[in-house]
Amino acid sequence: MPEYTLKIRRYTPETGEAAYWEDFTVDLDGHRSVLDGILQAKDRFDGSIGIRCSCRAAICGSCGVRINGRPGLACHMHLEEAAKRAGDGKIIVEPMGNMPVLKDLIVDMDAVHWKKMRRVTPWLLPDGEPPEREYVVPKESMVDITQTMACIQCGACVSDCLSMEVDPEFIGPAALAKAYRFVGDPRDGQQFERLKDLSEDPHGIYDCTHCFNCIEACPKGVAPMSQIMRLRRISGGDHHIEDRNNGYRHEKAFVKNIEKNGILMEADLLPDSYGGKFHPRAVPELVGSLPVVLTALRRGKVTLKKALIPHKLEGQKSVKKIFDTVHDRDERYELNLYISGTDEEPEHGSERTDSGEDGAAAGTTTAQGSPSSSPPERSPNS
Amino acid sequence: MKVAYWPGCVSRGFTPELHGSMELVAPLLDIELVELDRACCTGAGVIAEHNQELADTLNARTFAMAQAVEGADMMMNICSTCQGAQSECQERLDANAEYRAHVNETLSGESLHYEKGITNKHFLWLMVEEIGLDAIAAKVVKPLTGLKVGPFYGCYIVRPTDRLGIDDDNPRDTYLTQLIETLGGTVVDYAGSHKCCGFPIITMNKAASLKQAGRHIGDAIDADADCLVTPCPLCHLNLDLQQPLAQKEVGRDLGLPILHLPQLVGLAFGLEPKALGLSKHVVKPTSVIDWSTSVVAGVGDGGW
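Chains as they are written, first to last, in numbering that gives the first Met the number 0: chain D, 0 to 381; chain L, 0 to 303.
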């Protein structure tokens, strides 16, 4: 039987002692999971190793940890695969990030993950009296939210959320993906109120920094960041919610900027994101940025001409035409590869097309019971 | 090799030294740049956030223009964010023939047509995969001996790995490390190398944004870095242009020079620091450059 060394981070806060690393060598088939390895170490060497687990089959979401620095389920990673990615041959196992450690590999999900989950009111709030029998909804609209329903609450995305790392109050990827599950549900009657709340919150949908860590972390292809972008799309595009965080204004300013110039005119983007150069909101921001701008001017990084005179793209008119055509459509055309899958086999290595809209494996599509190839879905919310 | 070259917006706007240094380095690597001067912004993820079809159509237009460049081997960009935004659109366009036809219909007015399967590589990928590290090493005339360089990738070029074709055969999330070593520099391993610079939320949550930049720079300083190198001009904006503000936000002195990728390559190839636009940075790269002799030297090494 091959041997694998697990380097496990040990920590018991109550003892007052610092965390330390401990090596355990286990002998198991390489196709057994890291969780199996941890359990063997616990069984043979030290029964006090703290790990939370239940189903051992990537369904219950209990055994979220970091393996070799990356978040995921301990039961979802083969020992041989983990060993291959281990820097010095030892498989490093540590608790997830962004949450306090209760003991060894067990983090306090209540203090962070579940608290944030409750923050988004994760239940249906239908309008009016319930129908006599069941709600009848279009099939497509429910297919649309299956991606978020695939979440098993393991916390892997929360663990490595880079916005939460600097802003612990950020509602975060798991809870916001859950929010889309209800925002996108045609039975819910509070779409506007939910979005107003989540966009006005300084730690809400506009606090996501677009780092893709949650997409990479999720073992179920939920692609939380893409769900956050959909929340923004509906909040701004359908409800025109002008949030206090400049989120929608920034998006509008960016889109307008490209529509007008073809390429980005940075000098306009900043003030426009705050509502325009002379807007009361913009003034303190611009004054605050003044030293930076002056240094940039002094270094010749930015010239006054470049800052003040738009550098319009040659061919901007054709760009504008595309904006007009797409904006004139009755509804937004949104292709979610998680649902539609890919209709053709990828032919080349570097630009692989075998993943979902959001990095989700195309195979998951079938696992979710959705059609593996169907025409593009139209956004039900536009 | 000949490439259809998409320089991006910021490399011609607030970080002109990026486009400038790329133009200087390209001939030394026998890269012929055919600039896509009618192509438009990739949307940087923001247009996709607003309307996916719009972003996909704008980028399909750029791809179609690149495909129309006669004799070009592939398309090349110099911005992590462009690479990520374009890869996202390409993934959708390549996955579904019906959708592609729909997008091409919009482009037909300009007589443009996107054929599935364009090869679009960031300069970093192109150097490692097309030119090869050995060939690059052979061109080094001033090895970056003693220079401790921290890689800073930018999110869009390292995640999601599936979409970006990062796997055991193409470990694109390690290319900066490999390249720094090839140029003779010392790689600094620090916590922030694959994290977010914070730029996307600078107008929404300035404190959090600057904290990200400040923290990564601080981590790199603690790991003894002389400078960072980034393949992303947007990261450069937050790490360099905003560094004085990031410094205040994290409450410690920073002052770490941030280099664009072609600048680092150019230095090792013997180009003049000034020509590479190093004097245009907000944080002066004095730790990287001995201005009096224009040779590369690490801080405290006394030069060589």
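No lab work stands behind these hints: they were computed from the structure.
One should not assume that every hint holds.
What the hints assert, rightly or not - Covered by chain L, per the in silico footprint, the following chain D stretches (three or more residues, Cβ under 8 Å):
no., segment
1, 221–232
2, 261–271
3, 294–305
4, 315–329
Yeah, the Cβ is synthetic: ideal placement off N, Cα and C, and Gly gets one too.
Here is how each hint holds up against the structure:
no.: 1; hint: 221–232; verdict: holds (count 3)
no.: 2; hint: 261–271; verdict: holds (count 6)
no.: 3; hint: 294–305; verdict: holds (count 7)
no.: 4; hint: 315–329; verdict: holds (count 10)
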